[in-house]
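Just so you know, the sequences run in chain order A and B.
The numbering used here puts the first residue of the first sequence at 1, with every later residue one more than the last.
The numbering used here puts the first residue of the second sequence at 1, with every later residue one more than the last.
Source of the hints: derived by calculation from the structure; they are not laboratory data.
Yeah, the Cβ is synthetic: ideal placement off N, Cα and C, and Gly gets one too.
Watch out, some of these pointers could steer you wrong.
Said to hold, decoys possible - Pairs of lysine to aspartate or glutamate, EDC-like flavour, derived with a Cα cap of 16 Å:
1. Lys67/B to Asp166/B
2. Lys39/A to Glu36/B
3. Lys67/B to Asp81/B
4. Lys101/A to Asp50/B
5. Lys39/A to Asp50/B
6. Lys39/A to Asp41/B
Claimed, not checked - To spell it out: a stretch of chain A is covered by chain B in this simulated footprint if at least three of its residues, at any positions, have a beta carbon under 8 Å from a beta carbon of chain B; those stretches are:
7. 32 to 41
8. 46 to 55
9. 68 to 76
10. 83 to 93
11. 99 to 107
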Amino acid sequence: MSPPERDIPRGEVPGVPRDADGPVFDEPWQAQAFAMAVKLHERGVFTWNEWAAALSGEIRRAQAAGDPDTGSTYYRHWLATLERLVVEKGLGTAGALSERKDAWDRAARATPHGRPILLENDPLA
Amino acid sequence: MSDDHHHDHDHDHDHPDSVLSEMDLRTRALESILVEKGYVDPAALDALVDLYETKIGPRNGARVVAKAWTDPNYREWLDRDATEAISSVGYGGRQGEHMRVVANTPDTHNIVVCTLCSCYPWPVLGLPPVWYKAAPYRSKVVRDPRGVLADFGVELPAGTQVRVWDSTAEVRYLVLPMRPAGTEGWTEERLAALVTRDSMIGTGLPLEARKT
């Protein structure tokens, strides 16, 4: 006899920080991504229906591509959805996002440990 | 940018020379562009995160439940128009979604899920727990809700029917658990302390009176 199915943790997932009664963000970027979506919605950039449809599409594509979808990758899908909608709505271009990402990467590498990472630290800026 | 989202799953581990993770870089890129263009205000982002991390949590929902337990008129209002009844105590739907309250009875136990993504009643419950967002919960709760309840350590009488409510972008559900025995005459505040987050999702029951 096989052991009972235990694929659902009892509200506990090892390695995921949480307080006694609720979830917390694993990493600061997740909180920022969460807040950006809420704020863009408040500004009317997209409706919540659009958001939910885009996010569930993102999750489906990720699952099809082999994402384990265990909840820990949730905010990855969230951020990908946000990037997609920002480009679709003309708030920014994919090229600009990619260039800016590289700029942050150079800035981070050029910033001495312990100092705040600022975009102007990018040596190419 | 449709197909480049998934490839980083396997290699955004920290390289020795890299300071920020791939996800962190992407988030900073997006945020700095949106801030420059005036679409978001960094201070407002911080305030929102603080609100959700520390102030909302599931306590708002617990207050709604405790009020419904003690005030029959409020309970009736919740049944009739949960969106209005909940916003009357100050917890408005940030996404403009409609709230619906599903009440547990000795005959029926309710569980909430979002099979599509992770729609969740943030204004009353804060941010969703990790398991709520995970595929195992989303798929298993539909085909085997009693099995899910057992995973969470909840056992219901054999005669109790289990109903699963699938949230959408338009309708979010809040479970109204049954008031624990032995709490006659308790204040709303004392009752609210018995209401757990999971009891309002349906994967748990309120705490028992003697445990507080």
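Okay, the hints, checked on the actual structure:
Of the supplied pair hints, the one linking Lys67/B and Asp166/B is violated, its CA atoms being roughly 25 Å apart against a limit of 16 Å. The hinted pair formed by Lys39/A and Glu36/B meets the criterion: a straight-line CA distance of about 15 Å does not exceed 16 Å. For the hint pairing Lys67/B with Asp81/B, the CA-to-CA distance comes to about 15 Å; that is within 16 Å, so the pair holds. Proposed proximity of Lys101/A and Asp50/B is contradicted: the alpha carbons are some 25 Å apart, above 16 Å.
At most 16 Å may separate the alpha-carbon atoms for a hinted pair to count; Lys39/A and Asp50/B meet this at roughly 14 Å. Proximity of Lys39/A to Asp41/B is assessed by CA-CA distance (about 9 Å); at most 16 Å being required, the pair is judged to hold. Only when three residues or more bring their CB closer than 8 Å to a CB of chain B does the claim for the stretch 32 to 41 of chain A stand; here the count is 9, and the claim holds. Three residues within the 8 Å Cβ limit are the bar, and the stretch 46 to 55 of chain A against chain B gives 6, so the coverage statement holds.
By the rule of at least three residues with a Cβ nearer than 8 Å to a Cβ of chain B, the coverage given for the stretch 68 to 76 of chain A holds, with 9 such residues. With 6 residues having a Cβ less than 8 Å from any Cβ of chain B, the stretch 83 to 93 of chain A passes the three-residue criterion, so the hint holds. A count of 5 residues in the stretch 99 to 107 of chain A with a Cβ less than 8 Å from any Cβ of chain B is obtained; the coverage claim is therefore met, three being the minimum.
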